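**Q** Residue-level listing of the chains:
Protein chains: 2
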Amino acid sequence: MDGSRASQASSSELLNPLMYVRCHGCPLRTKPAFHDKTQDEIAVIDQMKSDHLRVSAGTEFIHPEQTDAELYTLFSGWAFRYKELADGRRQILNFSLPGDLIGMQAALLDKSLYGAVALTDAELCVVPRRRLFKLFEHAPGAAYELTWLGAREEALVDENLLTAGRRNAMERVAAMVAALYKRAEQLDLVQDGVMDFPLTQQHIADALGLSLVHTNKTLARLRAQGMFRIADGKLALLNPRAVARLAQYFEKEPARRPII
Amino acid sequence: MDGSRASQASSSELLNPLMYVRCHGCPLRTKPAFHDKTQDEIAVIDQMKSDHLRVSAGTEFIHPEQTDAELYTLFSGWAFRYKELADGRRQILNFSLPGDLIGMQAALLDKSLYGAVALTDAELCVVPRRRLFKLFEHAPGAAYELTWLGAREEALVDENLLTAGRRNAMERVAAMVAALYKRAEQLDLVQDGVMDFPLTQQHIADALGLSLVHTNKTLARLRAQGMFRIADGKLALLNPRAVARLAQYFEKEPARRPII
DNA sequence: CGATGGTTTGATGCTGTTCAATTAGAGTGG
DNA sequence: CCACTCTAATTGAACAGCATCAAACCATCG
Numbered sequence: 001m002d003g004s005r006a007s008q009a010s011s012s013e014l015l016n017p018l019m020y021v022r023c024h025g026c027p028l029r030t031k032p033a034f035h036d037k038t039q040d041e042i043a044v045i046d047q048m049k050s051d052h053l054r055v056s057a058g059t060e061f062i063h064p065e066q067t068d069a070e071l072y073t074l075f076s077g078w079a080f081r082y083k084e085l086a087d088g089r090r091q092i093l094n095f096s097l098p099g100d101l102i103g104m105q106a107a108l109l110d111k112s113l114y115g116a117v118a119l120t121d122a123e124l125c126v127v128p129r130r131r132l133f134k135l136f137e138h139a140p141g142a143a144y145e146l147t148w149l150g151a152r153e154e155a156l157v158d159e160n161l162l163t164a165g166r167r168n169a170m171e172r173v174a175a176m177v178a179a180l181y182k183r184a185e186q187l188d189l190v191q192d193g194v195m196d197f198p199l200t201q202q203h204i205a206d207a208l209g210l211s212l213v214h215t216n217k218t219l220a221r222l223r224a225q226g227m228f229r230i231a232d233g234k235l236a237l238l239n240p241r242a243v244a245r246l247a248q249y250f251e252k253e254p255a256r257r258p259i260i
Numbered sequence: 001m002d003g004s005r006a007s008q009a010s011s012s013e014l015l016n017p018l019m020y021v022r023c024h025g026c027p028l029r030t031k032p033a034f035h036d037k038t039q040d041e042i043a044v045i046d047q048m049k050s051d052h053l054r055v056s057a058g059t060e061f062i063h064p065e066q067t068d069a070e071l072y073t074l075f076s077g078w079a080f081r082y083k084e085l086a087d088g089r090r091q092i093l094n095f096s097l098p099g100d101l102i103g104m105q106a107a108l109l110d111k112s113l114y115g116a117v118a119l120t121d122a123e124l125c126v127v128p129r130r131r132l133f134k135l136f137e138h139a140p141g142a143a144y145e146l147t148w149l150g151a152r153e154e155a156l157v158d159e160n161l162l163t164a165g166r167r168n169a170m171e172r173v174a175a176m177v178a179a180l181y182k183r184a185e186q187l188d189l190v191q192d193g194v195m196d197f198p199l200t201q202q203h204i205a206d207a208l209g210l211s212l213v214h215t216n217k218t219l220a221r222l223r224a225q226g227m228f229r230i231a232d233g234k235l236a237l238l239n240p241r242a243v244a245r246l247a248q249y250f251e252k253e254p255a256r257r258p259i260i
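Residue numbers (full-length UniProt numbering), protein chains in the order written: chain A, 1 to 260; chain B, 1 to 260.
One or more hints might be untrue.
Pairs involving identical chains hold if they fit within one copy or between any two copies, as the list cannot separate such chains.
As the list claims (entries may be wrong) - Distance condition first, Cα-Cα at most 27 Å in a straight line; then the derived DSSO-like pairs of lysine-lysine: (1) K134 / K37; (2) K111 / K217; (3) K37 / K217; (4) K182 / K134; (5) K234 / K49; (6) K31 / K111; (7) K234 / K37; (8) K111 / K182; (9) K234 / K31; (10) K134 / K234; (11) K234 / K111; (12) K111 / K37; (13) K31 / K217; (14) K111 / K252; (15) K49 / K134; (16) K217 / K134; (17) K252 / K49; (18) K217 / K49.
Calculated directly from the structure, the hints in this document are not laboratory data. This one's a predicted model, so the numbers in the text were calculated from it and none came from an experiment.
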């Protein structure tokens with residue numbers, strides 16, 4: 001019921017795993033997905049950053065109902081947000097990839113209405129909730145970008161709601177694959193059509209609003225059609241056009257976005 | 001397919017319907033749902049406001065793909081945001097009640113990924129997207145509250161995703177009724193357990209990810225159980241406890257929130 | 001080697017979709 | 001005032017998509 005497969009974040013390009021990462025030399029923000037920043041802007045963010053957290057796969061770093069959750073930028077690895085009903089039914093709200101913000105709601109509202117869990121071993125840059133208002137006062141540019149990233153996260157959830165509400169099982173899986181693939185592509189996480197894919201079928205089911213069994217059978221059908229292949233923690237997208245067509249998924253991520 | 005029943009916003013307390021509404025005397029912000037503001041704060045917002053729009057039921061004031069959408073605060077009436085697939089299947093993302101912000105994503109991102117439609121005749125306070133960054137520079141407090149409201153909207157969508165993904169039909173309807181009722185209560189829109197309810201069954205179906213026919217049958221079953229009654233554009237909540245229990249919906253809106 | 005977590009498969013039937021048709025109310029024009 | 005139209009709500013019947021239950025399989029790991 002909880003994702004605990006540890007697919008290592010490909011760490012070839014990360015710094016020494018024991019080092020605190022300063023924003024100045026951040027290897028993430030040079031990726032094509034992100035806006036360039038001036039040294040001054042980076043310095044502001046570096047000051048806001050209070051910690052660089054390393055968590056292992058399965059760690060819940062924001063708890064439902066938590067009242068003092070911090071704001072995080074995912075530096076490496078995968079994570080997801082989820083909600084659940086009192087009887088245990090769980091819905092994954094969205095997945096987070098490196099560069100994504102996690103915890104705006106939790107940091108701003110009185111208490112968190114969701115949980116957040118690391119799907120793989122992951123690193124998190126921490127912006128303490130206490131400093132948030134200060135950031136708005138002294139760094140309007142960064143505040144604006146924060147809000148921008150919050151709006152983007154909502155866009156992800158919107159899309160997932162469309163998926164859960166209106167797509168059938170085949171389309172749901174296809175939409176998920178298409179969306180995650182596009183996001184990974186932007187982060188240089190795809191090579192020869194293959195990307196890391198640390199989700200179990202249980203995660204896929206929980207994200208799509210399907211049962212585990214039916215998710216499995218749906219994956220089998222899509223596999224038979226040669227659209228993509230999921231195995232050994234990797235996803236190979238074999239027929240992107242067919243997947244996009246089945247899912248009716250044609251949105252593109254904006255070419256470049258901020259990163260805090 | 002489009003909501004066009006015009007349930008008048010109860011306008012007893014609104015000003016002359018032809019007048020431009022300045023923020024200073026805004027009758028909305030004195031409601032119990034909202035934070036108090038100083039005159040200075042109100043002046044800032046009044047300066048940002050460029051227009052006071054009146055639209056009739058059914059008007060789409062943000063179009064999918066639109067690149068120059070403004071930011072709106074709903075002043076009176078109801079509205080909703082939606083997405084749809086290429087083949088026409090439509091998913092309503094969330095409903096907006098007076099005081100809610102609409103269009104953060106659309107104003108911040110390059111283009112809108114959703115549409116927004118007035119469900120009833122409605123009034124909208126307009127904050128031009130061009131002034132948004134200025135607001136961050138010169139009014140950090142207002143910017144913070146804007147972000148807060150954006151986070152709250154995401155929380156609404158999160159809850160709707162949980163509903164569409166994990167609740168069955170009976171529970172979905174119950175969850176929707178419970179959530180809308182609580183929000184209306186906060187706005188003094190409930191009297192003797194009765195509130196305006198301008199949704200058609202098609203809207204309910206589109207919001208919950210159900211077919212129209214099944215929505216109708218589900219409503220009939222709930223009606224037979226005496227949980228609530230929907231008729232003539234009104235909702236009477238007869239057994240709040242039973243509805244909350246069925247929906248497993250126990251979240252409360254924060255006591256007070258900002259309003260821009 | 002048993003234990004554990006994840007994947008796979010078959011059987012059964014409920015929940016919700018689709019198709020089709022009817023009813024009721026509201027607005028319009030003659 | 002009465003036909004005509006349009007939208008919303010309603011109901012029945014047939015079907016299918018997906019959930020649920022049960023069990024087996026496979027790999028990894030202590």
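**Q** Does each hint fit the structure? Answer for all of them.
**A** So, going through the hints one by one against the coordinates:
1. K134 / K37: both (20 Å within a copy, 19 Å between copies)
2. K111 / K217: neither (38 Å within a copy, 37 Å between copies)
3. K37 / K217: neither (46 Å within a copy, 56 Å between copies)
4. K182 / K134: Answer is neither: 34 Å inside a copy and 33 Å across each miss the 27 Å cutoff.
5. K234 / K49: So K234 and K49 fail the 27 Å test inside a copy (32 Å) and across (50 Å) alike.
6. K31 / K111: This pair counts as between: shortest inter-copy Cα distance 23 Å, intra-copy 33 Å.
7. K234 / K37: So K234 and K37 fail the 27 Å test inside a copy (33 Å) and across (53 Å) alike.
8. K111 / K182: between (32 Å within a copy, 18 Å between copies)
9. K234 / K31: within (21 Å within a copy, 53 Å between copies)
10. K134 / K234: Classified as neither: same-chain Cα gap 42 Å, cross-chain 45 Å, threshold 27 Å.
11. K234 / K111: neither (36 Å within a copy, 32 Å between copies)
12. K111 / K37: Intra 32 Å, inter 23 Å, cutoff 27 Å: inter-copy only.
13. K31 / K217: neither (37 Å within a copy, 52 Å between copies)
14. K111 / K252: For K111 and K252, only the inter-copy Cα distance (11 Å) is at most 27 Å; the intra-copy one is 32 Å.
15. K49 / K134: The answer is both: 13 Å in one copy and 25 Å across copies each meet 27 Å.
16. K217 / K134: neither (51 Å within a copy, 52 Å between copies)
17. K252 / K49: Result: close neither inside a copy nor across copies, 30 Å intra and 32 Å inter.
18. K217 / K49: Cα proximity of K217 and K49: none, with 44 Å in one copy and 53 Å across.
This entry does not satisfy hints 2, 3, 4, 5, 7, 10, 11, 13, 16, 17 and 18, going by the numbered hints stated previously.
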